Amino acid sequence: MMGPFPSGPLKWLQEQPSSRLLRSFPASSSLLYTQHKRTPSPSPSKMLWVDKYRPKSLDKVLVHEDVAQNLKKLVTEQDCPHLLFYGPPGSGKKTLIMALLRQMFGAGAEKVKVENKNWKVDAGSRTIDLELTTLSSTHHVELNPSDAGFQDRYIVQEIIKEMAKNRPIDTKGKKGFKVLVLNEVDKLSREAQHSLRRTMEKYSASCRLILCCDSSSKVTEAVRSRCLNVRVSAPKEDQIVKVLEFIGKKEGLQLPPGFAARIAEKSGRSLRRAILSFETCRVQQYPFTNNQVISPMDWEEYVTEIAADIMKEQSPKRLFQVRGKLYELLVNCIPPEVILKRLLHELLKKLDSELKHEVCHWAAYYEHRMRLGQKAIFHIEAFVAKFMSIYKGFLIATFG
Amino acid sequence: MAPLLQSSQPWVEKYRPRRVKDVAHQDEVIRVLTNTLETTNCPHMLFYGPPGTGKTTTALAIAHQLYGPELYKSRVLELNASDDRGINVVRTKIKNFAAVAVGSGHQGGYPCPPYKIIILDEADSMTEDAQNALRRTMETYSKVTRFFFICNYISRIIEPLASRCAKFRFKPLSEEIMSTRVLHICHEEGLNLDSEALSTLSSISQGDLRRAITFLQGAARLFGSSISSKDLISVSGVVPQEVVQALVAACKSGSFDSANKQVNNVIAEGYPVSQMLCQLFDLVVESDDVSDEQKARICKKLAESDKCLVDGADEYLQLLDSCSCMIKAFSNMPEGFSNEI
Ligand SMILES: Nc1ncnc2c1ncn2[C@@H]1O[C@H](COP(=O)(O)OP(=O)(O)OP(=O)(O)O)[C@@H](O)[C@H]1O
Ligand SMILES: [Mg+2]
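Sequence lines, in order, name chains A and B. Our numbering numbers the first residue of the first sequence as 1 and each following residue consecutively. Our numbering numbers the first residue of the second sequence as 1 and each following residue consecutively.
Hint data in this document are derived by calculation from the structure and do not stem from the laboratory. All of these numbers come straight from a predicted model, not from anything done at the bench. Check the hints yourself; a few may be wrong.
[As the list claims (entries may be wrong)] Calculated cross-link-like contacts (lysine to any residue; reagent style SDA-like; alpha-carbon spacing at most 20 Å): (1) A:Lys73 with B:Gly190; (2) B:Lys307 with A:Glu191; (3) A:Lys120 with B:Gly86; (4) A:Lys72 with B:Glu70; (5) A:Lys187 with B:Gly312; (6) B:Lys230 with A:Lys266; (7) A:Lys392 with B:Gly336; (8) A:Lys266 with B:Gly224; (9) B:Lys261 with A:Ser206; (10) B:Lys261 with A:Lys73; (11) B:Lys252 with A:Glu65; (12) A:Lys341 with B:Gly86; (13) B:Lys230 with A:Lys392; (14) A:Lys349 with B:Lys230; (15) B:Lys295 with A:His357.
[To be verified] Distance ranges between label pairs, derived from CB positions: (16) B:Lys252 with A:Glu305: 52 to 60 Å; (17) A:Ile294 with B:Gly86: 22 to 30 Å; (18) A:Gln374 with B:Ser155: 20 to 28 Å; (19) A:Lys242 with B:Ser155: 49 to 57 Å; (20) A:Gln374 with B:His106: 32 to 40 Å.
[Claimed, not checked] Negatives, chain B to chain A, calculated, CB over 10 Å: (21) Arg31; (22) Cys42; (23) Asn152; (24) Ser155; (25) Ala268; (26) Ile327.
The beta-carbon is built from N, C-alpha and C at its ideal position, and this holds for glycine as well.
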């Protein structure tokens, strides 16, 4: 196996021209992966299309009409259960949730303010200071408890409990319930999820939870059992085309035939991504032409490059170079599992079927290890090293 | 849009049994507790079992029945995972509560035994240190305080605590009992459920009554008062059988790429992979054209993937890895890998 690396990560970063870091990943790349927070925007013209054309009501959605209609029926009575929305990234969960809130509370739910709240939590011997951004209206509060990192447990324990306890009084003086929207519940620690269990039951008269996550397997059984699960599938390509054509029309754009379909095909069924790249195309070249390139995300091109590097040469030196590139991706907030999956995707394209099994196994293996460990880079790198070793072995066995 | 008028509770809360004897299917513990109501004798208790089988319900019910609404607040301390139960709380709050001696004697028609009850719900999420700190408290104040531990996994309760308690396993509810409860709710809410829908509901909720009730309510809101088996499946998060079959068929075809395509589809459709693994398991185990050895290989892998998912591993990668293993098992390829140097 390979020997230790000659220099540490920090050293490497210092050696790199920093301009490269800034240049290679424009905002749109990270926009795909950072939780997309709504902030009250000053004017529609400055808004990104993904925000500008977000349908406001359940009747106006262009995809998932069936889910939207069901949600509408669900909230006609007061006794609606807790909800858990799950589905792949960019499939439209958040849009549905926002429209649902509007359905429940009317336009009041849209008057949101962003607040940076501070809490002091008494944890026995010491007090913990917590700071978290919340988004709230008179009827609901929205937060990303996992932003609090390993202290998310306290967020759930103290803050949610307190909010759930304070019964809301609406304008007519009648009691109702308040809705608490929790994003990324799949990223909540086990402890935090455990502490949701009884809270959800105890305060259910005054507070409903709407939970949102990408992968419901990561939400514990006990929490899932307390919610009505709402699956939001990734839109099909023809549905994405419909949305793009709708936006095109609103923007007064001329779309050559098949153009929207090409964007949809490249989007991997993510509506957010499709709309982002549509807007990018608009910026790059208008009028659109049929042979206009729909450029992949920069980080993806970068991973393609890495895959090519690995296929070309399997050596400690190459591993070291690749490591630098992996760092660059991580520094730009591309989530490690996304990098690993993309890398696998690229490698699989080039392999014999016999090798595919082996490589996919190790990808799964190292991603799992990454979850258990702390430093993602070690595990991605271990995967690359493993791959090099396997591939080299294969080449020697085949070609001598 | 009309404002939401009176607050009202979801059905799971509305139909939570208030009395011990209304808790279904857990006969053993009910017998002991009914006895407690008469004699006021009660050991420390440990309830364990899967979600939605009545553990919390039972503990709350007995506490209410023993003390009645007046004394409940002063005699019962309920702490769950949403409360801080670190070692400090054990040393202060719990200890202080446990130490107080109380009088006995019937009050307002309730037995009111001369001890207090501390309910530690979701005790499996307490740290080992905190549990250790409890040992002494339990012993010292056992005359005036009874502990009720509630958890899903008994293995996460340290042995010294567990051995001080009478242990009761809460079984997943049988289909019959489940049906009886569900029919009762249907009757109260004016719903119509045919027998097929009823048995579907019992089987998809896998012994978890809370889930059954939540599904029922969801389906009732979405599809009106006549609910079919299909309606229930659509709210339950169960993966449609065609999807599972398509995935297995792709694996049987031996082509990695077509299996990969199916896996991508499962992910894009948003089906929970943990659920998918369960259904794959059922399908593989029950199929006649798969040899025992193949089944064993596949099941082992499914179990490993399930564990990885619990650890938080990526759904796509785990499912793909499982499928790759299935392909190899179906075509009797050797298990290990050979290429590494
Ligand atoms: N044995 C039972 N008899 C009657 N109703 C039950 C029973 N088990 C569960 N239920 C119903 O399911 C709901 C949840 O039950 P409960 O809160 O007791 O579950 P639990 O065992 O504490 O689960 P968890 O481990 O998730 O905390 C109750 O409100 C009740 O409606
Ligand atoms: Mg419980």
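Going down the list of hints, with the structure as the test:
1. A:Lys73 with B:Gly190: Holds, because 17 Å separates the two Cα atoms, which is no more than 20 Å.
2. B:Lys307 with A:Glu191: Holds, at roughly 18 Å.
3. A:Lys120 with B:Gly86: The given pair, whose Cα atoms are some 17 Å apart, holds under the 20 Å limit.
4. A:Lys72 with B:Glu70: 41 Å, violated
5. A:Lys187 with B:Gly312: 9 Å, holds
6. B:Lys230 with A:Lys266: 34 Å, violated
7. A:Lys392 with B:Gly336: 18 Å, holds
8. A:Lys266 with B:Gly224: Not OK: lysine 266 (chain A) and glycine 224 (chain B) at ~40 Å, beyond 20 Å, violated.
9. B:Lys261 with A:Ser206: Violated. Lysine 261 (chain B) to serine 206 (chain A) sits at ~45 Å, over the 20 Å cutoff.
10. B:Lys261 with A:Lys73: Not satisfied, since the Cα-Cα distance of roughly 35 Å exceeds 20 Å.
11. B:Lys252 with A:Glu65: 36 Å, violated
12. A:Lys341 with B:Gly86: Given that 20 Å is the threshold and the Cα spacing comes to 39 Å, the pair is violated.
13. B:Lys230 with A:Lys392: 52 Å, violated
14. A:Lys349 with B:Lys230: 39 Å, violated
15. B:Lys295 with A:His357: 19 Å, holds
16. B:Lys252 with A:Glu305: 52 to 60 Å: Distance hint for lysine 252 (chain B), glutamate 305 (chain A) is violated at roughly 37 Å.
17. A:Ile294 with B:Gly86: 22 to 30 Å: Between isoleucine 294 (chain A) and glycine 86 (chain B), where Cβ atoms are some 53 Å apart, the hint is violated.
18. A:Gln374 with B:Ser155: 20 to 28 Å: Cβ of glutamine 374 (chain A) to Cβ of serine 155 (chain B): about 26 Å, so the range 20 to 28 Å holds.
19. A:Lys242 with B:Ser155: 49 to 57 Å: 51 Å, holds
20. A:Gln374 with B:His106: 32 to 40 Å: 58 Å, violated
21. Arg31: 26 Å, holds
22. Cys42: 22 Å, holds
23. Asn152: Nearest chain A Cβ is 7 Å from asparagine 152 (chain B), so the label is violated.
24. Ser155: About 15 Å separates serine 155 (chain B) from the closest Cβ of chain A, which puts it past 10 Å; holds.
25. Ala268: With a cut-off of 10 Å, alanine 268 (chain B) comes too close to chain A, as the shortest Cβ separation is near 4 Å.
26. Ile327: 7 Å, violated
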